[in-house]
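Asks: Sequence order for the protein chains is A and B.
Following the working numbering from start to finish, the first sequence increments by one per residue and tops out at 981.
Following the working numbering from start to finish, the second sequence increments by one per residue and tops out at 156.
In short, the hints are calculated from the structure, not lab data.
It is possible that some hints are incorrect.
Unchecked claim - One-sided and incomplete, this derived list gives chain B residues near chain A with beta-carbon spacing under 10 Å:
| hint | residue |
| --- | --- |
| 1 | SER67 |
| 2 | HIS69 |
| 3 | GLY72 |
| 4 | ARG75 |
| 5 | TYR89 |
| 6 | THR91 |
| 7 | PRO94 |
| 8 | ALA95 |
| 9 | LEU96 |
| 10 | LEU97 |
| 11 | GLU100 |
| 12 | GLY103 |
| 13 | SER107 |
| 14 | ASN114 |
| 15 | ALA126 |
| 16 | PHE148 |
Built from N, CA and C at the ideal position, the CB exists for glycine as well.
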Amino acid sequence: MRGIRAWFLRLRNFFSGGKNAEQDFAAEMQSNLQLHIDENLRRGMSAEEARREALMRLGGIAQTEEMVRDRRSLPWLESFAQDFRFASRMLLKNPGFTITAVLILALGIGANAAMFSVVRAVLLRPLAYSQPDRIVRVATLWTKSGHQGQVSAPDFHDWHDQSTAFEHMAIYANYEMPISVGTGANAIAEFPMATAISSDFFECFGIAPAIGREFTSDELKVGGAGAVIVSYGFAVRSFAEPQLAIGKAVVADGKSLDIVGVMPPGFGFPEKTDVWLTEGIFGEETPSRSAHNYRVVGKLKDGVDLAEAQTQMTAIGSRLEAQYPDSNKTKSVAVTRLRDFLVSDYRLTLLVMLAAVGVVLLIACANLANMLLARAVGRIREIAIRTAIGAGRGRIVRQLVTESVALALFAALVGVLVAYWGVKTMVALAPPDVPRLSEAGIDGGVLLFALAISLLASLVFGLAPALQVLRVDINSALKQSVRRAGGGTLADRLRQGLVVAEIALSVVLVAGAGLLVKSLLALQNVQLGITSERIVMAETSVPSTDLDTAKRGIRFYSQLQPELRAFPGVHNVAATTMVPGYTSSNGIYFVDHLPTNFDITGPNAIFTVVTPAAFATMGIPLRTGRDFNDGDVYDAPFTAVINDALARRTFPNQDPIGRMIFCGLDSGKGMKIVGVVGNVRQQGPTSEPEAEIYMPYLQHPQPATNMRVIVRTDAEPGAITAAMREKMRVISPDVPAKFSTMEQALSENIAAPRFRTLLLGIFAGLAVCLALAGVYGVMSYVVGQRANEIGLRMALGASPGEILRLVLRQALVLAGMGIVIGFAGAAAVTRLLASMLFGVKPSDPATYAAVIGIVLAAALLASYIPARRAMRVDPMVALRYE
Amino acid sequence: MGEKTDVWQGTLALMVLKTLEMLGSLHGYGIARRIEQTSGDLLSVNYGTLYPALLKLEQEGYIDSEWGVSDNKRKAKFYRLTRAGRKQLAREAKEWGQTTAILARFLAPGEEQS
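Could you put together the complete structure from these sequences and hints?
Replies: Below you can see the structure in the form of structure tokens.
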């Protein structure tokens, strides 16, 4: 305690400069002297003698003052401040060098700080719930594939009842659900994310409605009254004041439900849910153990750790597997911390980017080390002179290190600006579903990080030049020319080694970026099977509860289509339940007849309900047979269209037209196959097309209440959506619609790959630019060093072309070494990227060839200017200089 | 002066505190003289040792200083024990007593343990 107090006083004296204290001390010494003289006089000495004796006893005042001064303030801090002031002056005296160095380093530091800010917000910061570490996701683990997925209701109940590790465990299911607020012409209908929950759901998060109350057990019951709780945002959007939401009704799934609670602002689990409904309003839970329609969240009991919970759940999983072999074979349970689950999609991407940006900083440090080495050579004389007049080597090294620190601190200042801009850019470029990205920003933690890495960097790049000074021989340095004294093969090797390292590191980044670019191109070039240009989509849903009300849907779509077709610029109008990236239903199918005793492991197909002309509108080619038409009505014989994939699998070398097919979409009736169409990659570009059965909407009224209206048009999407919205409102005001274009929907499929490709591309570009600067610096230095030799060669008849080749050859040797080492690194590192690659192997030869091309070209470009300078060396001047 | 010993740093602080306890407030010259006298002129206290020690004690809050006027009407800076200093003195004196007692037992002749 006392020590700390003293330390603070000394720190304060350091800042106040201690002027008063010094005067005070001098006065005190004077008074001591006087007291001593007085006493000597009293003892009877003569005035002269009294004074002489007192002065002698007083001792060296300067020495005493020096010791007191050391104690008064913090001497090491004082000498650091002195060094720092001197360093800043030195840096300001050479603004070209300083600005270049600060900018290079600031780029590295800023990029790192920005990436750190993002990683911290997304991966590191705890969830904003109470006791976030105890909230877990519980999922079905498929032991064969290692895949984790949704949960069946009976499994959940067994988990819930048999486990003891959890304080709460709740089941939920979420989907974008058509929900309307208000009635009649004032109704607002939209597709918010809605989540059906069981009891204990909110308890898992330790959260309760901010206004109103939670569901009662009556409301939660199957067949009970039901109720909804809405998000704060939804309440404000729909009712202006959140308090006004309580007691208002919303219509969901054809039922009118009262709002009983409004959650606190910021709570929207899962996936930005706006409306939480009681699970019971959808009737009984699906009783099959093979229907994995739910998700499960839990809260661990206090003191139970993840491993314990996992062990217990694994045991329960094996018990269920033994008990229900038909449905639970190869099924177990996985318990994951909720945060880890939420960020699992982006963890690898972000960590790879963090590593990449670290490499950029390393390259920047190598560059700076090189610049400082070159500068230290220029300062050899200055240092030699300072050594000669008595500065210790330690003192000089400290001075040089302080200069590095000063550089790093300036760079950190600029770097924070870079980071501020970088974070904003990254947030803007990132795919919308990165969790918690919006929380990324520049705060104290990021500033501290920037400070820490800049100091670390200053050690990395400041060490080599500082140590070099220790090797300087003062005598020769004072005697010889600056150029010679700074040489020495070791320093030259160090300098070239740094450049080789820069090239190698940038090869790794460029290779990684190259692979990602190639993947992205491959993704974009995948033939989805549809023509996506100029298609406007509207996701719609007609409220219905049974077959009769479902027929409203048919009326809605059949009225809407001709109206839209009449718009100017509209070529085609249709509706479908499947667009790439979104399928609504799939399951098992049979041909020719419905077996009495069927094998549920048979082939599956995607079930899609369409209106006539859907194939033409989406550009799906009709291979044989016919499209649906207005004759395919409910009372006519049922028909179906299949895709190539299904035809090839089930009807190899046969004509499927006229055969019967059965599936369990909404009726068991057999459907006659009337046509075959081309494949569509229904799950987006990364997965293969699956078998698909198309069915006409008039024959499947219930599934046909949720379709996407698709319009192929030359008109501006904005204009056409406004017109579509108006038409829909006139026909049926309570039908919610969500508009987008097919291209928007498809680009969401590749938002994540595009993001990481862009980021890594930027980092690789930075790396190459820095390496370029490094090569330039070293080659300029080399040309300067070899000026005599070059002059001699020219005097002996070497042509400028030969000189050019001489310099370029040396640059190529450096680049070649860098490339070889970089390839070894890239081979090891790009394997980490394997899961991000599409249509390209980590060892793709074309990519590596391109990397060689880019890096060699950069190295040649960077050494061309110094090489030109070498060509213009005047042999006379060069020789005389020696 | 050859036979005089320079005062040991560690014990100087204790001597200063004890001196101030005995005499109340005192200037630097007086402290130096007093310590030399008390030691029977066996110790020599120079300002290069005394002043850093005084400054340290003051920074640690054990003593206070104030300009005042001496008996013979000279302006001087007077040092005074604070309450924390009094406690510190008691503590250190006790520790010192223990240390010397232990050492005395080691160095005392004859009294062997059985």
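Asks: Please go over all the hints and tell whether each is borne out by the structure.
Replies: Outcome of the hint check:
no.: 1; hint: SER67; in the structure: 14 Å, violated
no.: 2; hint: HIS69; in the structure: 7 Å, holds
no.: 3; hint: GLY72; in the structure: 7 Å, holds
no.: 4; hint: ARG75; in the structure: 8 Å, holds
no.: 5; hint: TYR89; in the structure: 5 Å, holds
no.: 6; hint: THR91; in the structure: 8 Å, holds
no.: 7; hint: PRO94; in the structure: 4 Å, holds
no.: 8; hint: ALA95; in the structure: 9 Å, holds
no.: 9; hint: LEU96; in the structure: 9 Å, holds
no.: 10; hint: LEU97; in the structure: 5 Å, holds
no.: 11; hint: GLU100; in the structure: 9 Å, holds
no.: 12; hint: GLY103; in the structure: 6 Å, holds
no.: 13; hint: SER107; in the structure: 9 Å, holds
no.: 14; hint: ASN114; in the structure: 6 Å, holds
no.: 15; hint: ALA126; in the structure: 8 Å, holds
no.: 16; hint: PHE148; in the structure: 31 Å, violated
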